[in-house]
Each structure stands twice: as structure tokens, then as C-alpha cells.
Amino acid sequence: MQFSPILRKEGIFLAIINVRNLTKEFKIYHHREGVIGAIKDLFHREYRIIRAVDGINMTIEPGEIVGYIGANGAGKSTTIKMLTGILVPTAGEVVVNGFVPYRDREEYTRHIGVVFGQRSQLWWDIAVLESLKLLRRIYRVPEKAFRERLAFFDDLLGLGEFLHLPVRRLSLGQRMRCELAAALLHNPPLLFLDEPTIGLDVLAKARIREFLLQVNREFGTTILLTTHDLKDIEALCPRVIIIDKGRILYDGGREDLLRQWGHDDLEEIVRRIYQGQRPGEVEAGV
Amino acid sequence: MARQSWFRSFLWHGEIFFHYAAQYLKTRMAYRGDFWIYLLSDFLMQSVNLIFILTIFTRVPHIKGWSREEVLFIYGFFLVPFGFYSGLFNHLFDVPEKYVLRGELDRVLLRPLNTLFQVVVETMNLELIFIALGGIIIMIYSGAQMDLAWHWWDFPLALLLVGGATLIYGGIYTLLASLGFWAEGNLGLMPMIYNLSQYGRYPVTVYRGVIRFILTWILPFAFVGFFPSTIFLRRYEFLPYALLTPVVGLGFFVLGWRVWQRGIRRYVGAGH
Amino acid sequence: MFESLRHRFALAAALVRLEFINNLAYRATYFTGVFNYGIQIGAYYFLWDAVFAGRRLLAGFTREEMLTYVIVAWVVRSFYFSNLDRRVAVEIRNGDIAMELILPYDYQEAKYCRAFGEALFRLLFFTLPTGIVIYLLRPFQLPPNFTAGFLFILSMLGSFLINAQLSLMAGLLAFFTQSTSGIYRAKRVIMDLCTGLLIPISFYPEWFQKVLAFLPFQAVSYLPNLIYLGKVDTAGALAVLARQFFWAVVLFFLGRLFWRLAVRHLVIQGG
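Heads up: the protein sequence lines correspond to chains S, H and E, in order.
According to my numbering, the first sequence is numbered sequentially starting from 1.
According to my numbering, the second sequence is numbered sequentially starting from 1001.
According to my numbering, the third sequence is numbered sequentially starting from 2001.
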């Protein structure tokens, strides 16, 4: 499962994200009901194994923005967690930016930015600016570069108004903007976004999309994002990967997908895919 | 080469520690009233033991050959490593629930810093290090009552012993916190060990047989307060034990760290 | 009237059961619970044993009585002890209390019911096993006669009632101050020292004993222990129960008053 540096040099993993046969299994324990059940659980616990990600392959080139979509529980977050080094794969190969994420974690995480829409990465009780300053130390960002980037973020995201508030007092939209700034402070070549627009209003979403495009254009940042809002995909991602029950159903251009289905509504197509239809069955299915 | 980069990483983490500490103090100072009440209530908690000792010694002149001043001195010494432990490691008991079950460790794993280090600096209660100050005051008071003579080498020695004793605490708590990776949830061991650690406040000769053995060799809390302080009480019959303190500390810390590493591997293998 | 009482009782029973099951969910705690109490008891047991080494009588206690006192005091504490103070404080602090206020029941009563559910759980999983294990390891004195034993068990209920009410009040203080942890820590210090759990009241200086006589604390631990040890006769034991009853009633109304003030405070603050 590990790659020798020679393989890397020989260019077998030339792309920025290389995933082969990636698989992740979890043990799920049952909790039995009531007093008796709880006592039974003490002695013997039943579990089953579920395969959250089932042998997926993907290659992403530098500078791409890729939308990674799938129904709840399809395996999106699990994939992202393996790509960011939080989880160790059960089987398969991951090489990102020349690193094996879970193995080279401390070094690898210097070169990526991550935003989880459902969970804050900032310190809850300290002012945003203080959080950023602490991150500057952790990621060893030089003072001058820090100032410049902060000005850039402020310009695009309008952070100035709440830089001095603690994170817990921010609205969700404000917090998300801060999360993005925090994730990009060290100018990583790669940005992972797990549902970055969840719960945001229309304006906030538009602002974040605009920002991501700008970052991608300006710094050539590769972006992989998961979302349930297909407007995000339409606005950002020329390429789409669709996953269902741990397997990849579609990997290709967004426009190609529309053409394949002969439909111009992405949302409708995705809904049908989740329902298990194939392009050919469109008419028959309805 | 490898050693050097290890050392540099260590120094760098030290530097980052101060940035975290500065942030921590800023946050705490935002609720100044809270800060002082918290500190005060912790002193109050400690005063229970003091009142206990003082009350008992109004009825008896000594306990198994240990005078009031000696017992106070041992208690005072115990409070110094205990203070460092309280300030740094006490909230490692959050690890099973907060970090493992609720998945906060995800965030920790995304940062280019040592995981144990991050958990410690995120959960520390730095102000509790002040407890150590209380311990020093008790030592000075009881030492003066006994007319203890101090040598210059007592101070570096005390530093070394306190360091070792703190590592014992740190190691044991890291070990316990790591068990949360296997138990998926709180094992309830932390309060148990905390209570056991409180045995270390008193001369270990108070205890008999099995308990004394456990406190010396299994969960060596006798090395936190009692053994090292006997050097300064000039009760040299415990000298070999006292000098063993830093070794025991280092051993336990390395053990704790190893188990932690394995726990992390397990978390990233099994988390959800 | 009768119908409403029946409903009320059904609700109380449901709450007690709920809390009992809730506690069961923390499977780890009852594995370690007995050890935990064993260790805590041991700490003071061995210490007192050393204190009494070569001495016959201290502050009215023989060595044997004192060791029994330590064990009984802690074993009974494993029954009446509750996290009510912390839970209420946390509820207030994170705003969950609003959810409690919209439920159609009496807040205080509901809290006592849940505390009782927890106490029953503790009785089954901590108190009895701990008591039995310690008795097997090192037999301690049993009550001198059946009456004393019976009255002692009754007094355990009194201990629970007084402790639960004090805890609830301590928790409610979170309405008035930000430093909730400070409050319940201070409360625990007072409980440890003033109930006689750590040191029998008779060890304290005269003046302090006089002060404590006017307070409810020693009815939680010290006085019930005297019943257990047979250091008070039946009349004395009944007097202890009466005293517990008196304090339970006084604290109940004090708690009500407290709750009124606290809720008003909440309304003024706007939650």
C-alpha cells in the first residue's frame, strides 16, 4: 500500500490526486433496546461491516475544480477523509501531491487546505484574527505573505467587519468565509471542501462561489468539493464525479453528463441517478 | 540527521506552545471574573486536604512516625507536580468522548502538528499551575517550622524531581486517554486513577502490602510526592527510590506516548 | 383530582425509569464504579487506620468504629450523590433550560425524579456491590440491631432528599453567575467537610461543631452514620429522622423560592 519514492519520480503518480481501488470498511455496532438489551450488550456486542467506499479510482490534475456528489451516506465524506489523511484506507492506494496522506500526515497537511461545512476548524472562543495569527505560526507563513493574503481575502470575502469577533459570535455565512480564509492562509496547492455552502443563504453562497473561482484562477489551486447544492456544481465545476453506495457512477464533464441524458436540468439528472436510473432508461422510468 | 530533525521539531513545538498559551490567556482574561473564581475554587478544593491534615493533627501528634510538619511538607511537594498535571494534562479525560466519539480529532489530524501536543494545548487549564505555588508555600512554611537546612543543590535537584514526577502524571494520563481509542467512549478509568493518585499525598508507609506495591511499581504515584520529598526531609532511608523518580517519569511518558501513537493509528483506521 | 394525581405519579415513574436507563447506557462507568469507590474508600480507610495505630479512642470513636464509619459513609454516598448541580448549571448555561420550561411539568419535581432514578441505579450498581465486596474483603461492623438497621435505611432516603435539594439549588445559582464550575466545586468542598463524610463532626473544634448544628449538612452523612454504629438509641435515631424531615421540608420551600427568583431572572435577561 505504500509507494517508494522511485515510483513517484517515475511519474506514475503525476497527477495531483491519484486514487486507485480505494476501499474503506467500518464496523457498526448494534445497541440493543431497553434495560435487558443494555445488559446483554455488556457481554456480547453484535456488529456488521459496511463498505463505505468500494474500490474507487480517480485522477485529478493540477488546477482542476471537481465536484464530488452523491446522496447522503454514499461515501463522499469518507473519501475526503482518506484524501486528507484523517482515515487510513482499508485497501487501495492514495497519493496526493506526492504524499501518502495518512502516513506523511504532519508534512502532508502543510500542503492542503480543508473546510468542513459541518464542523468549524477555528478556535471557538478566540477572535478570528487571533485564530489566523495562530495558524500563521502553525503553517509557518511569513509575516509579509500573511499580510498580503489577509488583504486579498478581506478584499474578496469582506472579513474586516468581524475579524475581531470570536468565532462563536459569527453567523454561519461569516464563519464560512473565515473558514475559507483559514484554509487558504498558507496558499496550499490543494483545497478540499466538504459541503462548504450548507445552510447558507443565496447571497453568501454566491460570494463563496465567486471567491473560489478567483482563488482557482489566481493561484491555480486544485479544488475538490462535495455538495448537495447543484448550483454550486453549475457555477464551479466543469468536471463531476458521482458516487453511490461507495462506487463511482459517473466521472466526466458536466456538459457531457447533460448531453448523455439529453436533459438540461442537472438536478433532475442527479435525482434520477440517485433513484438508480441509467441514461437509456429515462423515458421508460418515468 | 533524523535525530536533529526530531530535536528541531521539539523546539518548534515549544515555540508554538507559547503562541497557544498566549491565546489561552487572552481568552481566559476575556472572562476575568470567571478566571479568578475558577482558580479560587480550585484552591478551595485543595484546602479540603489541608483542613483534613490539620484537623487530624489536633488529635494526634504523629501518624506512623510522621509529624504534622513532615506530612504537610510531603503534601506541599505533591502539589507542585500535581499543579503542572492539572494545568496541562487533567483534561486529557476529554479525549475519549470529545475527540474520539465526537470526532474532534479530525480537525487535529488536519494540522501539521503532533496530535498529542495539540490535544494538550487545546484542553489545558494553564492557570491551575498556580496550585504548584500553593504547594511551594506549604513547603516553605512547614520547612521553616522544622528548621530544614537548604543547600544550593536542593534547587536543581527539586527541579529534576518535579519534572520526573510531572512526567509520571503526564504519562499515565496519556496512557489512559489513549485507551479511549479502543473503548470508543469513556472507560471511567480517569476518576479512578485520579482518586488513586491522591494516595500519593501521604507517606506511602501509611499503606500496607498490595497498595504500597501498586503505588510504587504499578501506578507509581508514590514517586509524585512522597519519595522525592524525603530527600529534602533528610529521611535518607528512601534515597534510592527518590533518585529513581526521573527514570520512572521518563519510562511512563514514553509508554504513554507509544500507546497514544497506536491509538491514533486505530482511530484513523476505524473512525467514522 | 385523583386522576391528576395518577397522571403525576405515572409521569414521575416514567422519569425515574428514563434516568435509570440513561445511566445504564454508560456501560463503562459501572464496570469501574465499584473499583472507583473502593479506591476512594481505601484512601481514607488506610489513613484512618494509621491515625488510630496505637490509640484507643479519638473524638469518641474507637478504631473499629472509625473504620466502619469511613466505609459506611462512602458506600452510602455512592447512593445519594448526584450530578444534579452540574447538570442544571450546564442546562442553564447552554440554554437547554428553555426546552425544560416549555414542558408541562414541574421542573423541580422532574429533576428530583430523575435524580432518584440515578440514585436507584447507583444503589444497584455501586452501593450494593461496593458494600458487599468490601464486606467480603474486610468485614466491618453491622448495625447493632434490626431497629437501628431499619432506621438507618430510612435515613438514607433523608440523605438523598437533602443532598438532591442542595444540589439543585447550587445548580440554579448558574442563573446569577457565569462561573458555574466555581459554584459546584465550592459546594462539593462544603459537602465533603460539613456533612462529616471525610471527618466525623466530633473531630472539629467546639465552635465549628456549634455552627454546624444549625445547618442541614450533617444530616446527610454524620447523623445517619451514628444510627448505623448504634451510637444513638432508637429515640435518638428517630430524632435524626425528624431532623432530616425538617430540613427536607425547609429546603424544599427554599428551593421553590430560589426557582421563582431564578426564572424571573431568566425572563428579565431574555434567556
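Worth flagging that the hints you see were computed from the coordinates, not collected in a lab.
C-beta atoms are modelled at their ideal positions from N, C-alpha and C, and glycine is treated no differently.
You may find that some hints are simply not true.
[Unchecked claim] Which residues of chain S face chain H? A few of them, derived with a C-beta cut under 10 Å, are:
no.	residue
1	K81
2	L87
3	Q121
4	I126
5	S131
6	K144
7	N216
8	R217
9	E218
10	G220
[Unchecked claim] Covered stretches of chain H, as calculated for chain E (at least 3 residues, CB under 8 Å):
no.	segment
11	1042-1052
12	1060-1071
13	1161-1168
14	1206-1216
Answer holds if the nearest beta-carbon of chain H is closer than 10 Å to that of G220/S; otherwise answer violated. Given a least distance of 22 Å, the restraint on G220/S is violated.
8 Å C-beta criterion, at least three residues: is the segment 1206-1216 of chain H covered by chain E: holds (count 4)
Regarding the hint that L87/S lies at the interface with chain H, is the smallest CB-CB distance below 10 Å? holds (5 Å)
Interface hint check: K144/S, Cβ to nearest Cβ on chain H, cutoff 10 Å. Holds or violated? violated (19 Å)
Interface hint status, Q121/S versus chain H (Cβ within 10 Å): At about 5 Å, which falls below the 10 Å cut-off, the nearest Cβ of chain H leaves the hint on Q121/S intact, so it holds.
Would you check chain E against the segment 1161-1168 of chain H, counting CB to CB pairs closer than 8 Å, and say if three or more residues qualify? violated (count 0)
Close enough to count: is the Cβ of N216/S nearer than 10 Å to one in chain H? violated (21 Å)
Does the CB of S131/S sit less than 10 Å away from some CB of chain H? Holds, about 8 Å.
For the restraint on R217/S, tell me whether the closest CB of chain H is nearer than 10 Å. violated (25 Å)
Chain H contact restraint for E218/S - C-beta distance below 10 Å: violated (23 Å)
Quick one, is the K81/S hint okay against chain H at 10 Å, beta carbons? It holds, given that the least Cβ distance between K81/S and chain H is near 7 Å, below 10 Å.
Verify this for me: three or more residues of the segment 1060-1071 of chain H with a beta carbon less than 8 Å from a beta carbon of chain E. It holds: at least three residues are needed, and the segment 1060-1071 of chain H offers 3 whose Cβ sits within less than 8 Å of chain E.
In summary, the numbered hints that this structure violates are 6, 7, 8, 9, 10, 13.
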